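Chains A and B are the protein sequences, given in the same order.
The numbers in our numbering rise by one with no breaks, and the one at position 41 of the first sequence is 131.
The numbers in our numbering rise by one with no breaks, and the one at position 173 of the second sequence is 263.
One or more of the hints may lead you astray.
Note: identical chains are not told apart, hence a pair may lie in one copy or across any two.
Stated by the list, open to error - Cross-link-like lysine to aspartate or glutamate pairs, in silico, DMTMM-like; alpha carbons within 25 Å at most:
#, residue 1, residue 2
1, Lys284, Glu243
2, Lys197, Glu133
3, Lys160, Asp103
4, Lys165, Asp127
Please keep in mind that the hints were generated in silico from the structure rather than gathered at the bench.
The structure displayed is predicted, hence computed values, not measured ones.
Number of protein chains: 2
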Amino acid sequence: MMDIQIAVIDDHDLFREGLTLVLNQVQGFQVVYDTSDGFRFLEMLDQVPIDIALMDIEMPGINGIEITEKVLSLKPDLKVIALSMFSDTGHYTQMIHAGAKGFVLKKANKFELEQAIRAVHQGGNYFSQDILQKMAFRYTNHTVGCDQLTSREIGVIALVCQGLTSQEISERLYISVKTVETHRSNIFLKAGVKNIAGLIMWAIKNQYYNI
Amino acid sequence: MMDIQIAVIDDHDLFREGLTLVLNQVQGFQVVYDTSDGFRFLEMLDQVPIDIALMDIEMPGINGIEITEKVLSLKPDLKVIALSMFSDTGHYTQMIHAGAKGFVLKKANKFELEQAIRAVHQGGNYFSQDILQKMAFRYTNHTVGCDQLTSREIGVIALVCQGLTSQEISERLYISVKTVETHRSNIFLKAGVKNIAGLIMWAIKNQYYNI
DNA sequence: CTCGTCCTCAGGGTTTCCCCCGATGTAAGA
DNA sequence: TCTTACATCGGGGGAAACCCTGAGGACGAG
Numbered sequence: 091m092m093d094i095q096i097a098v099i100d101d102h103d104l105f106r107e108g109l110t111l112v113l114n115q116v117q118g119f120q121v122v123y124d125t126s127d128g129f130r131f132l133e134m135l136d137q138v139p140i141d142i143a144l145m146d147i148e149m150p151g152i153n154g155i156e157i158t159e160k161v162l163s164l165k166p167d168l169k170v171i172a173l174s175m176f177s178d179t180g181h182y183t184q185m186i187h188a189g190a191k192g193f194v195l196k197k198a199n200k201f202e203l204e205q206a207i208r209a210v211h212q213g214g215n216y217f218s219q220d221i222l223q224k225m226a227f228r229y230t231n232h233t234v235g236c237d238q239l240t241s242r243e244i245g246v247i248a249l250v251c252q253g254l255t256s257q258e259i260s261e262r263l264y265i266s267v268k269t270v271e272t273h274r275s276n277i278f279l280k281a282g283v284k285n286i287a288g289l290i291m292w293a294i295k296n297q298y299y300n301i
Numbered sequence: 091m092m093d094i095q096i097a098v099i100d101d102h103d104l105f106r107e108g109l110t111l112v113l114n115q116v117q118g119f120q121v122v123y124d125t126s127d128g129f130r131f132l133e134m135l136d137q138v139p140i141d142i143a144l145m146d147i148e149m150p151g152i153n154g155i156e157i158t159e160k161v162l163s164l165k166p167d168l169k170v171i172a173l174s175m176f177s178d179t180g181h182y183t184q185m186i187h188a189g190a191k192g193f194v195l196k197k198a199n200k201f202e203l204e205q206a207i208r209a210v211h212q213g214g215n216y217f218s219q220d221i222l223q224k225m226a227f228r229y230t231n232h233t234v235g236c237d238q239l240t241s242r243e244i245g246v247i248a249l250v251c252q253g254l255t256s257q258e259i260s261e262r263l264y265i266s267v268k269t270v271e272t273h274r275s276n277i278f279l280k281a282g283v284k285n286i287a288g289l290i291m292w293a294i295k296n297q298y299y300n301i
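Let the hints inform the model, and build the full structure from the sequences given.
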């Protein structure tokens, strides 16, 4: 039986190297490629046969979501499992939309990851329990939900998170204070939060704002 | 020559296991103990001889700073190197205060960590470049800076970050709204921020609040 | 005992947030 | 063409945040 050929894309060197060693210890697994650079991974696609790609999401430069989209347009049979520090909204919906077959948290243990790889390799899916619960909550809680923010709203949310007042934002964007407040309100609705504190947590978790 | 005996304390299983494998590959290093639980580590101190402890800071329950304090009160000769995802303020000062001899970011590579371990084991220090730069900036920029928060303030800041209003906090803590506002103001002063947005970013970076 | 720190509380003020309502113009799509 | 989504702007009002000042009690260190 052929080993499952795995690639690891993660910018944290220690984590990536360690993960490689851990996976190579597992019977039937073989890490055939690992890199911290998503672009390099795209270039290597034709040179190394890969079954499963373990893809970090938060990376400088090109992020895991974009890489996944590009990879799957080139190699539709390759299976991508997303890795992330956070279990929260936005991330995984975007990753699923990009075509990822699984989603595992970095705080998972070896056995969960092994399970995920085997499930996905056999044509299934794997989403860690945290994710499933959040998704279920999303549906039952039918907040208007994960409406994407408009580009203007994304511009505003970044400034809000930086602590600028509506006044300051209006000056920065050359629009009226009232317009800023409208955007704020719409963002609050979409995020399902009720004040700045909640918004910031939401923005960070959904990668609209980075610390 | 005796191997350097290393313990790894980190709640992220994959990272910890991987790190253990990586370090065991290094000539002269041996990971003799690893755990996700700080309390368990404290109990094990007498049973396993340890030279170096690699200590994660962000952990549920007891954090790396408290563990470090307790460990060093029991075993002053043990050398603690802090591991952290973030390079930002507060963390490392608290860790240094607790007695850590080094500070390495999780995004470091194997060679940097190896260097850090050797330096600390020989009685030196090791602080990653990011940290040193921030410290230098701190001094030149002499913000009144890292006044520690009082315990009450830490309690308040967590609730503020959860999006509670002063009214709600006062009910939760059984104190007056005015008292809450006083604490808020004092926190704002110490943090050097001017509104909730800034405060939340500061609190996250300084680990007074976790996402 | 004094000093400093911390926690507590208050008055009174300005600013900002947050929410209600409504409105116009524009551009993309059915 | 009609609809929908988006961005823009406004009035008004209550709630909360924010800023300043002052002050009393507790408690530990020197």
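Hints and how they fare:
no., hint, in the structure
1, Lys284 / Glu243, "both (16 Å within a copy, 23 Å between copies)"
2, Lys197 / Glu133, "between (29 Å within a copy, 24 Å between copies)"
3, Lys160 / Asp103, "within (23 Å within a copy, 30 Å between copies)"
4, Lys165 / Asp127, "within (18 Å within a copy, 42 Å between copies)"
Taken one by one, the earlier hints all hold for this structure without exception.
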